[in-house]
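Undergrad: Read off the chains here:
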Amino acid sequence: MTDAVHGLAGPYALDALGPDERRDFERHLDGCAVCAAEVGELAATAARLGAAAARPAPPALRDRVLAEAARTRQAPPRLPAARARRLRRIVPALAAAACLVLATGLGVGWYQADRRAEHAEASSHMMADMMSAPDARTVAGSVTTGGHGMVVVSRDRDAAVVMLSGLDKAPAGRTYAVWLMGDGAPRPAGRMRVADKPAMIHGLGRATGIGVTVEPMDGSAEPAGPEIFTAHWTG
Amino acid sequence: MRPSPAASPRRPGGAGDPAALLARTARGDEDAFAQLYDLVSGPVYGLVLRVVRDPAQAEEVAQEVLVEVWRTAARYDAERGGALAWIMTLAHRRAVDRVRSAQAAADREERAHRADGPAFDAVSEEVEGRLERERVRRCLDGLTEIQRESVTLAYYGGHTYREVAELLGTSLGTVKTRMRDGLIRLRDCLGAGS
Ligand SMILES: [Zn+2]
Numbered sequence: 001m002t003d004a005v006h007g008l009a010g011p012y013a014l015d016a017l018g019p020d021e022r023r024d025f026e027r028h029l030d031g032c033a034v035c036a037a038e039v040g041e042l043a044a045t046a047a048r049l050g051a052a053a054a055r056p057a058p059p060a061l062r063d064r065v066l067a068e069a070a071r072t073r074q075a076p077p078r079l080p081a082a083r084a085r086r087l088r089r090i091v092p093a094l095a096a097a098a099c100l101v102l103a104t105g106l107g108v109g110w111y112q113a114d115r116r117a118e119h120a121e122a123s124s125h126m127m128a129d130m131m132s133a134p135d136a137r138t139v140a141g142s143v144t145t146g147g148h149g150m151v152v153v154s155r156d157r158d159a160a161v162v163m164l165s166g167l168d169k170a171p172a173g174r175t176y177a178v179w180l181m182g183d184g185a186p187r188p189a190g191r192m193r194v195a196d197k198p199a200m201i202h203g204l205g206r207a208t209g210i211g212v213t214v215e216p217m218d219g220s221a222e223p224a225g226p227e228i229f230t231a232h233w234t235g
Numbered sequence: 001m002r003p004s005p006a007a008s009p010r011r012p013g014g015a016g017d018p019a020a021l022l023a024r025t026a027r028g029d030e031d032a033f034a035q036l037y038d039l040v041s042g043p044v045y046g047l048v049l050r051v052v053r054d055p056a057q058a059e060e061v062a063q064e065v066l067v068e069v070w071r072t073a074a075r076y077d078a079e080r081g082g083a084l085a086w087i088m089t090l091a092h093r094r095a096v097d098r099v100r101s102a103q104a105a106a107d108r109e110e111r112a113h114r115a116d117g118p119a120f121d122a123v124s125e126e127v128e129g130r131l132e133r134e135r136v137r138r139c140l141d142g143l144t145e146i147q148r149e150s151v152t153l154a155y156y157g158g159h160t161y162r163e164v165a166e167l168l169g170t171s172l173g174t175v176k177t178r179m180r181d182g183l184i185r186l187r188d189c190l191g192a193g194s
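Line by line, the protein sequences are chains E and G. In this text, residue positions in the first sequence follow UniProt numbering: the first is 1, and each later residue adds one. In this text, residue positions in the second sequence follow UniProt numbering: the first is 1, and each later residue adds one.
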């Protein structure tokens, strides 16, 4: 997908796309976890703009709505297939959008760092849970190889979720390494490989940024390889 | 998605919690729907009125939205965000579709000017609502001018980003970006203030 498509999350959340663009972007959302997560957040903020415009509804409206509801048949819940399709908006299928996931391999040098990261099911629940943290915030950044990425950070949870799109598998013998930055020297926070799931990082401490570099599979004490992605937040 | 003070003003799980009421509504509980109506009709009507401007049309659209909430309650997915946020998204989409319909086309130019008016023209006496409105106003004030205009012309004015770019005499790329970073800044501000 081109950057132009990814860039429509803001207008979409404000219902500011024309009909064709809206349809195209909704198709894009089915396969792009980064945009789907971002839209969810931006739409929640837009909804607060909406709630701020509240004013009492005309009294007669209540009876009309309740009466019409009483004679309106309710739609059934979505079918499982539709539900699965919607979940893929948050956690896209492996082939659709190459997101990074923490590797579960056993490279000795990464063992300690991986302990801080969550190998287990990185799921839509995880994303939803992180975004529900009262202090959750989102930082976006570009992936140097052409995709884009997003980090959801919560100091309360002492955790972050990293999602990157548009990345190929790491070169043979190498891995994507995640670093926590901004609190002295970069600290290794785990490895990622191209897969279908976002990655969760625990133990942020006082870090104010996350970086991803390409490093040898058996470990690096500090980021030495090519930089793939960085994102910073304040406070 | 984070629940916000506006999106869930009452305690979760309690009688005044929109998500709990929506879940009961999904099972056909008309009492729950009536309580849900009492919670959300003000935000829905206010937003729709803000966008479509005309009280008679606003009432019509609000009615459609609220009946739609009843009809599709079973399709609400809590994983995708708060219940009030879901309802407000429905309401905004409907309102915008209404103003963009052919019938409204003639009013467009006039609306372009009226959209410059105050974002908060009416106040209910509900303290909670007033505090939220104050907070949103303060956070809007914290945006850059072009962020604020991009966000409010689109959201309250019902304009597409192409129209906004034209109204502001700026590029499409700038408007897209300002909408996104404006919303992010708003989100951070609203989160910090609650
Ligand atoms: Zn995207």
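Honestly, the hints are just simulated from the structure, not real lab data. Some hints here could point you the wrong way.
[What the hints assert, rightly or not] Chain E stretches covered by chain G per the calculated footprint, using a threshold of three residues with CB under 8 Å from any CB of chain G: (1) 4-12; (2) 15-22; (3) 57-65; (4) 149-155; (5) 172-180.
Quick reminder that beta carbons are idealized off the backbone N, C-alpha and C, glycines included.
Undergrad: Now look at each hint and say whether the structure bears it out.
TA: Structure-based check of each hint:
Coverage of a stretch by a chain is defined here by at least three residues with a beta carbon nearer than 8 Å to that chain's beta carbons; for the segment 4-12 of chain E and chain G the count is 5, and the condition holds. With 4 residues having a Cβ less than 8 Å from any Cβ of chain G, the segment 15-22 of chain E passes the three-residue criterion, so the hint holds. Under the rule that three or more residues need a Cβ within less than 8 Å of chain G, the assignment of the segment 57-65 of chain E holds, with 6 such residues. With 0 residues carrying a beta carbon less than 8 Å from a beta carbon of chain G, the segment 149-155 of chain E misses the three-residue requirement, and the given coverage is violated.
With a cut-off of 8 Å between beta carbons, the segment 172-180 of chain E has 0 residues touching chain G; three or more are needed, and the interface restraint is violated.
The structure is inconsistent with the numbered hints 4, 5, although it conforms to all the rest.
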